[in-house]
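Q: Sequential numbering from 3 applies to the first sequence in my numbering.
Do not rely on the hints blindly, as some may be mistaken.
Stated by the list, open to error - Computed beta-carbon distance windows for the label pairs:
hint : residue 1 : residue 2 : range
1    : Gly467    : Ala417    : 48 to 56 Å
2    : Ala417    : Pro227    : 40 to 48 Å
3    : Gly325    : Gly467    : 43 to 51 Å
4    : Lys213    : Ser241    : 16 to 24 Å
Claimed, not checked - Once the Cα atoms are required to be at most 25 Å apart in a straight line, the calculated BS3-like pairs of lysine-lysine come out as:
hint : residue 1 : residue 2
5    : Lys289    : Lys355
6    : Lys190    : Lys213
7    : Lys282    : Lys303
8    : Lys282    : Lys295
9    : Lys272    : Lys282
10   : Lys453    : Lys527
11   : Lys121    : Lys357
12   : Lys470    : Lys527
13   : Lys36     : Lys470
14   : Lys289    : Lys120
15   : Lys121    : Lys355
It should be emphasised that the hints constitute simulated quantities derived from the structure, not laboratory data.
Beta carbons are placed, not taken as given, at the ideal position from N, Cα and C, and that holds for glycine.
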Amino acid sequence: MNLRMNDYLQQIIADSLQQFDLEELPEIQTEAPKDSSHGDASTNVAMMLAKPLRNNPRAIAQQIIDGLNFDEKKISSVEIAGPGFINFRFAEDYLYDELQSILDAGSGFGRTDEHSGKKVLVEFVSANPTGPLTVGHGRNAVLGDTVARLLEWTGAEVDREYYFNDAGRQMRVLGQSVQARYLEKLGKAFEFPEGGYEGEYIRDIAEELSKENAELSGNTEDWKPFKEKAEEAIFADISNTLQRMNINMESFFNEHSLYADGSIDTTVEKLREKELVYDKDGAVWFKTTEFGKEQDTVLIKSTGEPTYRLPDIAYHMNKLDRGYDLCLDVFGADHIATYPDVLSGISALGYDKEKVDVVIYQFVTIVKDGQPFKMSTRKANFVTLDELMDEVGSDVTRFFFLMRSPNTHLEFDIAQAKEAGDKNPVFYLQYAHARIASILRKAEEEYSFSKEADLSLLKHDSEEGLIKTILRFPEMVAGAANAREPHRLINFLNDVASAFTGFYHDCRIIGVDEDLALARIELAKATAQVLRNGLTILGISAPENM
RNA sequence: GCGCCCGUAGCUCAACUGGAUAGAGCAAUUGCCUUCUAAGCAAUAGGUUUCAGGUUCGAGUCCUGACGGGCGUACCA
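Could you build the full structure based on these sequences and the hints that come with them?
A: Written as structure tokens, this is what we have:
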């Protein structure tokens, strides 16, 4: 069903409900039944009214239908079914009009204006630059980017931001690791740091450095130039990986800037003014018990170093200060603990916590050689996203991370992803698109296109079924955007491809009567358009040939 | 102990936020390329939705309690 039809149905049902003396109108839900023999749309209002009206649902449904005033060009039949559903069937004229509107909207079909005028910031990836992005980061990266794309399609103005911290202990160890490899390279005495980074990329960076500048100090206190070089090289690598995955960040936000501009200090002071902060045992504590937590939380350690919560709070205030109406954070289930504290912090300081939302995804289990594979950047035990993309390309990579609900654990079988064959459901979608493109190329040769297509010739079940399916696209995009669940769109596109295949099977295009052929060509074009638009949202290519 | 997520076909997962007969893909069996792309299609088989209660016209979905798994619960990020 499409959104306009949805609105229309709700309107005429609401009008009919006027006949009952209701204190308040129930929420009118309309939906497309799973089983198309039940019609094209159905509502359950009659059942919901059974209790307040003290009548049986089927009787109420009949009264609602009797009072229904509908346009026969849109609705062809209305009937009661089952326990009290009211089922609507769309008129053919309506389908043809809507099909035409898909063709007219073209690459814009599926866009809605629900969030137009809204500024949204999606923060994701946000891996510290200690090494290349691994398959472990993939779900975050792809999910964040695709949610951003979905929101753009509902009208929002979206910025993508990468948050990082280049000042912590991790980064010091990184610098020292590079330094050690550098000294090793020059044949000098070196000591590899405790818990250092063992990856080959560290040697590469050291190698670079030794070519550029062989005068660096071997003094272990002088690790900073090594850290800087490493950060630069690793960020270049990360940016490159992101670009390969079709991800473009508007900004990189360095946690350090929150110290530099004093926001960290200001945040603590403001919380102290509200008496939400106190000193104990040399540390600074945040009274999270005021917000329902069992314990208070340390904001600044007795060493004087803040815990990550403090900059997190300051960072979110910074985002809201930049005028965003919605700040979305994307992170794995292991980071969930920080989120309530951030909300407590910002709302205590007068910010609207409704403007901060989070997309949480469950862990990815990497399966390699049939076994679960534990990755560690430090121990150089990982599969990078680049390696994966070298094998399967970015389309498959993106698709794999998107095809499951963020809410469930994702099993990523490297071998299966590499097996670029039938096991890869992404090809099913791309294949449907390529097949249509091929048909359209052939049709160019066969038909003159001198007259306008008469869409009302599309009367076959497979034709009407396909039209009804692709019409749901805008509704599906909006639903996936609001739920922040890209996999819904994938499921839908599978339905589209499958409906098209049915049509392809039942209805030939080339070789039939020209008028009918022209109408079917339009339907094929509209289908390709929906597939293309959907794949665009997913950041996946829609090939003309396969 | 407490909190969050999860438990659905042999395997990996859906089920449009409470709807009608729980669906796909792999794997299995059987058929289909002299006609628009067989990376495909058609068909068969596969289920007490972990278990036990409850809420209501109606529960895979909500509530309670078991059982099983993952992640948190740090002066680590």
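Q: Has the given pair, Lys470 with Lys527, been kept, meaning a C-alpha gap of at most 25 Å?
A: holds (15 Å)
Q: Given a hint of 40 to 48 Å, does the C-beta separation of Ala417 and Pro227 actually sit inside it?
A: At 42 Å between Cβs, range holds.
Q: Do Gly325 and Gly467 keep their Cβ atoms within the hinted range of 43 to 51 Å?
A: Because 46 Å falls inside the window, the suggested range holds.
Q: If you draw a straight line from the CA of Lys453 to the CA of Lys527, is it 25 Å or shorter?
A: Satisfied, since the Cα-Cα distance of roughly 16 Å is no more than 25 Å.
Q: So if I understand the rule, the pair passes when the alpha-carbon distance is 25 Å or less; does Lys282 with Lys303 pass?
A: holds (10 Å)
Q: Does Lys470 sit within 25 Å of Lys36, going by the straight-line distance between their CA atoms?
A: With Cα atoms ~13 Å apart, Lys36 and Lys470 stay inside 25 Å; holds.
Q: Are Lys121 and Lys357 close enough, with their CA atoms no more than 25 Å apart?
A: Between Lys121 and Lys357 the Cα gap is close to 11 Å, so the pair holds against 25 Å.
Q: Hey, Lys289 versus Lys120, does the alpha-carbon distance stay inside 25 Å?
A: At roughly 33 Å apart (the allowed maximum being 25 Å), Lys120 and Lys289 break the hint.
Q: Taking only the CA atoms, is the gap from Lys190 to Lys213 under or equal to 25 Å?
A: Distance of about 16 Å is within 25 Å: holds.
Q: Does Lys295 lie within 25 Å of Lys282 when you go C-alpha to C-alpha?
A: Status holds; Cα separation ~18 Å.
Q: In this structure, is the beta-carbon distance linking Lys213 and Ser241 contained in 16 to 24 Å?
A: holds (22 Å)
Q: Return holds or violated for the Cβ distance of Gly467 and Ala417 against the range 48 to 56 Å.
A: Roughly 37 Å apart at Cβ, these two residues miss the hinted range, so it is violated.
In this structure, the hints that do not hold are numbers 1 and 14, in rising order.
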